[in-house]
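Asks: Below are the chains, spelled out letter by letter.
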Amino acid sequence: AQSVSQHNHHVILSEAASLELGCNYSYGGTVNLFWYVQYPGQHLQLLLKYFSGDPLVKGIKGFEAEFIKSKFSFNLRKPSVQWSDTAEYFCAVMVSYNTDKLIFGTGTRLQVFP
Amino acid sequence: DTEVTQTPKHLVMGMTNKKSLKCEQHMGHRAMYWYKQKAKKPPELMFVYSYEKLSINESVPSRFSPECPNSSLLNLHLHALQPEDSALYLCASSRPRGGASTEAFFGQGTRLTVV
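Chains C and V are the protein sequences, given in the same order. Just so we're aligned, residue 281 is where the first sequence starts under the numbering used here, counting upward by one. Just so we're aligned, residue -10 is where the second sequence starts under the numbering used here, counting upward by one.
Hints were generated in silico from the structure; no laboratory data involved. Be aware that a few hints might be false.
Pairs of lysine to any residue, SDA-like flavour, derived with a Cα cap of 20 Å [claimed, not checked]:
id	chain 1	residue 1	chain 2	residue 2
1	V	30	C	321
2	C	341	V	94
3	V	29	C	287
4	V	27	C	349
5	V	27	V	62
6	C	381	V	16
7	C	381	V	7
8	C	381	V	62
9	C	338	V	-2
10	V	-2	V	94
11	V	42	V	71
12	C	349	C	292
13	V	7	V	45
14	V	27	C	319
15	V	29	C	307
16	V	27	C	389
17	C	381	C	307
18	V	30	C	367
19	V	-2	V	104
20	V	27	C	341
21	V	27	C	289
22	C	381	V	41
23	V	30	C	349
24	V	30	C	285
25	V	30	C	383
26	V	-2	C	323
27	V	27	C	318
28	V	11	V	1
29	C	329	C	386
30	V	8	V	71
31	V	30	C	292
32	C	341	C	307
FRET-style restraints, in silico, Cβ to Cβ [stated by the list, open to error]:
id	chain 1	residue 1	chain 2	residue 2	range
33	C	297	V	61	43 to 49 Å
34	V	6	C	297	23 to 29 Å
35	V	30	C	308	24 to 30 Å
36	C	292	V	102	39 to 45 Å
37	C	349	V	-4	38 to 44 Å
Using N, Cα and C, we set each Cβ at its ideal position, and we do this for glycine too.
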């Protein structure tokens, strides 16, 4: 069965620190990859997505992610975090065969302190 | 229009009630989803409709009954729920007709409390 794992469950950083959140998936076929963010009390928002092409993708709010096919990974990065980045971050994989199936990782809670 | 609209935003229901959650999108998407999200947990896939046909049911109890009346609407009928079913229920859609996969667009969710 397909699965998505996020290694960091809770990350605490100071403002201006660099961020990297890990994401690995298990599926041998073609996948589309996403990072979603959920701010406290708010709905899911798409940060960035990868379908094909350049494995380094840039998203909103200064986030980027790198797809490494050989490692089945899609790690999220930001060079300098802000207090407003405090949120829950979900990696997700869309598997498409008969239909689309979007599977979420367990999530990483990021807390950024001023 | 890139919106997925869910109603109601909040719902409190008793364990013997019957209620329905509604979801609407006008992006021409042909895949629609129901997810359940408990606090501090990721969304869990419940159902996927593809071209108005149920294509995935992730072993959801029968007290949850999905329905897709047309390509823009998705309902989730609730009956005899348990307190542990209290959660945020999210609707999403993706994939334009005849097109390749797209990202899923999510609604704001219905916060359900079962008392």
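Asks: Are the hints correct? Go through all of them and say.
Replies: Evaluated hints:
no.	hint	in the structure
1	V:30 x C:321	holds, 13 Å
2	C:341 x V:94	holds, 18 Å
3	V:29 x C:287	holds, 16 Å
4	V:27 x C:349	violated, 31 Å
5	V:27 x V:62	violated, 24 Å
6	C:381 x V:16	holds, 18 Å
7	C:381 x V:7	violated, 28 Å
8	C:381 x V:62	holds, 19 Å
9	C:338 x V:-2	violated, 32 Å
10	V:-2 x V:94	holds, 17 Å
11	V:42 x V:71	violated, 27 Å
12	C:349 x C:292	violated, 28 Å
13	V:7 x V:45	violated, 23 Å
14	V:27 x C:319	holds, 15 Å
15	V:29 x C:307	violated, 25 Å
16	V:27 x C:389	holds, 14 Å
17	C:381 x C:307	holds, 12 Å
18	V:30 x C:367	holds, 13 Å
19	V:-2 x V:104	holds, 17 Å
20	V:27 x C:341	violated, 26 Å
21	V:27 x C:289	holds, 16 Å
22	C:381 x V:41	holds, 15 Å
23	V:30 x C:349	violated, 27 Å
24	V:30 x C:285	holds, 13 Å
25	V:30 x C:383	holds, 13 Å
26	V:-2 x C:323	holds, 12 Å
27	V:27 x C:318	holds, 13 Å
28	V:11 x V:1	holds, 15 Å
29	C:329 x C:386	holds, 18 Å
30	V:8 x V:71	holds, 13 Å
31	V:30 x C:292	holds, 18 Å
32	C:341 x C:307	violated, 29 Å
33	C:297 x V:61: 43 to 49 Å	holds, 44 Å
34	V:6 x C:297: 23 to 29 Å	violated, 48 Å
35	V:30 x C:308: 24 to 30 Å	holds, 27 Å
36	C:292 x V:102: 39 to 45 Å	violated, 31 Å
37	C:349 x V:-4: 38 to 44 Å	holds, 41 Å
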